[in-house]
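Residue numbers (our numbering), protein chains in the order written: chain A, -7 to 618; chain B, 48 to 186; chain C, 4 to 504; chain D, 295 to 395.
Read the hints as simulated data drawn from the structure, not as lab findings.
Please note: incorrect hints may appear among the correct ones.
What the hints assert, rightly or not - Below 25 Å or equal to it, Euclidean Cα-Cα: the simulated SDA-like pairs (lysine to any residue) are:
(1) A:Lys16 <-> A:Ala6
(2) C:Lys371 <-> C:Asp313
(3) B:Lys159 <-> C:Asp313
(4) B:Lys159 <-> C:Val28
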Amino acid sequence: MTDFLWLLVALPLAGAALNLILGKRIGEPRSGWFGFGLIAISFVIGFGASLGFFAGTSNPQTIYLFSWIPAVGADAAILWDPLSALLTMIVTGVGALIHLYSIGYMHGDDRYPRFFAFLNLFIASMMILVLASNFAVMFVGWELVGLSSYLLISFWFTKPEAAAAGKKAFVVNRIGDWGFLVALMLIFMTFGTFDFRTIFENAPAMFGVGAGTITAITLLLFVGAAGKSAQIPLYVWLPDAMEGPTPVSALIHAATMVTAGVFMMARSAVLFELAPVSAGVVAVVGTLTALLAAVIAVAQTDIKRVLAYSTISQLGYMVLGIGVGAYAAGVFHLTTHAMFKALLFLGAGSVIHALANQQDMRKMGALRKAMPITFITMAAAWLAISGMFPFSGFWSKDEVLAAAFARGGAWLILYVIGLGVALITAFYMTRLFAMTFLGSSRWDEGVTPHESPRTMTVPLVVLGLGTVFLGLFNTPARHAFEHFLEPAFSGVEQVEGLSIGLISTLAVVAVIVAIVGIIIGLRRYNTEVLPDETGAFWRRALAAFGVDDLYGRFLVAPGKAVADWWASVVDPKVVDGAVHGIAKGAIGGGERARAVQSGQVRWYAAVVAIGAVALVVFLLVLGGGF
Amino acid sequence: MELSDYLPIALMTLLGIGFAVASILVSKLLAPSNPTPEKLAPYECGIVPLQDPVERFPVKFYLVAMLFVIFDVEIIFLFVWAVSYKEFGWAGLGAVVVFMLMLIETLAYVWKRGALEWNVARRQRYRRIVAEGHLEEAA
Amino acid sequence: MQGGAWLPIAFEVVLLVGALAVLLVAVVAGRDRRFWGPAAGLAFAGAALAGVLQWREVSTSGAGLFFTAQGVSFAKSPMVVMDGLSAFGAIVLGLVGFVGFLAAWDLVAKVGRRGPELVSLLLLSLAGLHMMMATPNLVVIFLGLETASISFYVVAGFLRRQKGSAESSFKYFLLGSLASALFLYGVALTFAATGSLTLYGGNSIRDFFSSTIVTQPGILLAGMALMLVGIAFKVSAAPFHQWAPDVYQGAPTGAVGFMAATVKIAGFAALARIFGAGLVSQVDTWTPIVAVLAAVSMVVGTVLALVQSDVKRMLAYSGVAHAGYILTAMTAGVAGVPAMWFYVSTYAFMVVGGFAVLSTVSGSDSSKVPLDDLKGLVKRSPEMGWLMTFVVLGMSGMPFFAGFVAKVFSFVTATAVPAPWPANDHGYLWLVVLGVVMSVVGLAFYFRIIGTMFSTPDDQAELQEAGLPVRFAVIVSAVITVAFGIVPWPLIEAVRDAFPI
Amino acid sequence: MTVTVTWYLVLAAALFSMGAAGVLIRRNALIMFMSIELMLNSVNLTFVAVSKHLGLIEGQVAALFVMVIAAAEVTVGLAIIVAIFRFRSSANVDELSELRG
């Protein structure tokens, strides 16, 4: 089954190319269905190929396609192990649902085929990133993913904010990519190759725990991951990325792309094991990001920005999981988050669609009766993300917190902050849910919300089911998920050693925190009149504590100044100056030398004589005549 | 240092110099000379020349001089051949004949092109007069 | 002399007979050039044929030394040598001479009564030039050098009515004879130092070097230097190039192509013979000087060419620069001879072609060709315009043209042999780098010429229809420039064994 | 003290440099031309001296050839000089610089 895997990349790429080229002729709905079809087939292939892993029978293998740069050990080969299988299923699965959803959502857009071309391109690049068997190919995927996110964010490029947001996302990602690239160079310098297997096999042998180079490599890898997965300080682009169409936010900025950083760190778990210092940094940054994002999310009024900050916060959890060393828990949270965050975004999308593109929650309310399916599915996702007991969010978040608790010592502080974030998360999600579906209807006049068409509600329902039942896969008792991922993290020993009793108490604590959060939220927002949010804290939190304009003033402005100076001063004077200088010099030399050619025969004779004497003397000296 | 073999040359130079000096001396001693300004002035109506006249000599002289030089140099080679023509034998004779032929041929070309005519202008004038003369007589 | 023995000097004999025939026919049949023109053409073609025969003879039975004066106990030094160098030189000289003669045909017509003189001068000069490269005896080389130079002094001054032509011939004469005197003095000093005038054969200079260890080489080195001066002057290498621009500008355009091309061929061949083959053991002493000459020529030639307004002066300076590039090949000693031959033979045709076009553009008897004459040439006469573009591109060293292959060939040869003086093991790299830089700088003035040709012509005088021979000459040279650019291998193979003994 | 060949060579060298100096210093074309002839003759002297010293004949023959060449040069040179100065009266060479740059 695994020899069709190259189709996972080929099919989306083909879809992107065809949609781009023949898009106009294929026309609106058909190009959408065409895109969806290809991704669905890819999902089937991916799922089929990973059946072996479910049963635990097949073991990881590398399928060689062709050699790209043999000198560097970078050949185009697919590394098929449970981790990449899982990611494939998430990307293609959630991707397919979002394609289906976009058919309805993008209805009437005049660049319809182009949208699906870019979506396919994104899936293809994500596949390259996930299936890569070496860092070089992964980097290719990494860059392509950055590119397609830029294309999709600024899809409505006629809107200046969208274009600016696209540029911002791309630049901030580039900063992260810089870190990732330097890490690649370091890796190549130390290991002489990019191939995962050789690196991860002889890394432990070559370096003891805490070796300098490995720490440097892992820190730089984290910089790359921070750029892609929107951690402090490179998270500023994600909220602005909401300018893109909602399916884009769902797919890229919730489920897949942002998790690329987490996936990369999980993939190079062996390196992080050898560098406890950087693991600590990763965990701390993860937790702080989670805290900061959660606090900001509380005061946001735009529904999509709340979800964006919530994504950053949940990503913080995953990064905490990686930092703590519980890679399986981090990846599990990644999976569940992909499910319910995509659902939340799609739900928000259908709400916005219904209220004629109204994104401000203060203009929503009382949509329960008007949009029952969206209401029910969003409720499931809301409970999941808040960490309520039976839902998937609870299991994965609890896994991560348990792992943090298990490490003991200083990690306990992270556990406590984690719990606090869980509380805040429950609160702002309840705020969002209440302001949109409960309370009184604060719609604008002439807006009559109605349930979205079936192409949009079907994906919501599917995702809803996933959100509810996915958690059961990995209850502390069965740990099915960890066994599934076991072969991928064979080189790394998992954080264990928690008795069932301790885990269940931690679980109970987590549920209590969630319930408290929800109650506060409901009591405050499930009212006819919205509570006032004009306090100093609310205003500053709404403005994301001014971090953005801080960057603007200290980084962007000086950068632009240097660029302007360079363009106006250095370029014309130095570069052009040099070129014209050479030309003038040559001609100047010519003019002066021309005077020597005086036309006087006697002068020519003198030159011949002088030349002859000079030659004789030169030869005598050289030949040792004297 | 045997000077003897240079004796004849020394005698020759002495003789030459002596001849020239003697003739000047004799003319200076015997000839009467009472120079008067009029005598030294230019001939009757001539104007006092600013600087000695630039001898302008017609090109013809130059042409003849050139031809003389060329054929003079040709003779040098004939001397060489003449001295040992027996050893060169027929091959030598062949070479010299070819050499002579070339020069004679160029002489022919130059002659045909009229380099040797002396006072070309006067003869043409004469011929033209004669031609017109005939015309008058004929008319 | 037996029958077969005529071959070594067949080239000169044919030309001499041709020259005399032309004069005779002119004398007998009067002025009409229909009679003696074909005779001259035949002579040139015959000479080229003699070259081919020599080449075949050499490649079959190997090079040989010949004594002209048989049966005489005259000093046993050989006067004529027939080897790769002289045979290949004969072919190239013959062909270039023929094409140059065709290019000069308009001038011959214009000069009217003195036509036969001009043609016989060209024939005799070609004979002299070949004599320079086909003899091991230094004095005979001087003889050949002088025969050619004197005839070129006269050719340069052929347009009596034009002041420019007279001035250029005077300058050429005075400086030429000065340089010849220097060369001769060099020969004399070498004679004094080594006791012999011939490069090979009985008690030759080469034997001298192999037999005695030169203790006090002062005179010998001075002699070598002066000989180098003489040759450098002839091929217009800087700093002895100053005559070239004035003479090329003043001399009648029709004949300049012939003069420039043939002198360079013979000059470099003589350099190869004397220094490459004769003084091969002294190679470590004279190659640095050749390198210095090359460097100076390249810089002077290119930089001065940039600022010229007269096309003939531009081509003259480009000639100086090209002399520099060829000398770069010669820095590899005798190993540089093939590269030198490739460069010289292709460049010779370009020069003939270039000046032929100039003669059609501004009259073959014009002594000045300002750049504006070429303005919009492509529109005025597309054929001439495009052919000139090919030739100039060839000269500039554009890829797919002979100039490029020639430059690469010589630069590679220059770096192949380890250099003695600035002691580095991969040859005269600094010279090659300078060469590349200068060729790039040189592109400016080549493209200035092409630019003016492609610009819109304002009121240029209508181009009088060029004679068939001139057009044929231009076409041949353009074809050779392009052909050997795209398919250089046959010439490279042939050149490989154009070696002196 | 006997007259060795180096004396002759030194004399020839002196003559040669005098000739060269003549070409550079004098303005009149004819004088310049004469100094070149002087240079050629000094070379002749060298040839003959060395040939006599080494007892070879090449030097003599060479001298003969050089004389012929000098003669040819004379004829052509004077022709050119005459052609030049048909355009202007004086034989001054410095006026002759129309071709330059």
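Verification of the hints:
1. A:Lys16 <-> A:Ala6: 16 Å, holds
2. C:Lys371 <-> C:Asp313: The given pair, whose Cα atoms are some 7 Å apart, holds under the 25 Å limit.
3. B:Lys159 <-> C:Asp313: 40 Å, violated
4. B:Lys159 <-> C:Val28: At roughly 12 Å apart (the allowed maximum being 25 Å), C:Val28 and B:Lys159 satisfy the hint.
Hint check: a violation occurs at hint 3 only; the rest are consistent with the structure.
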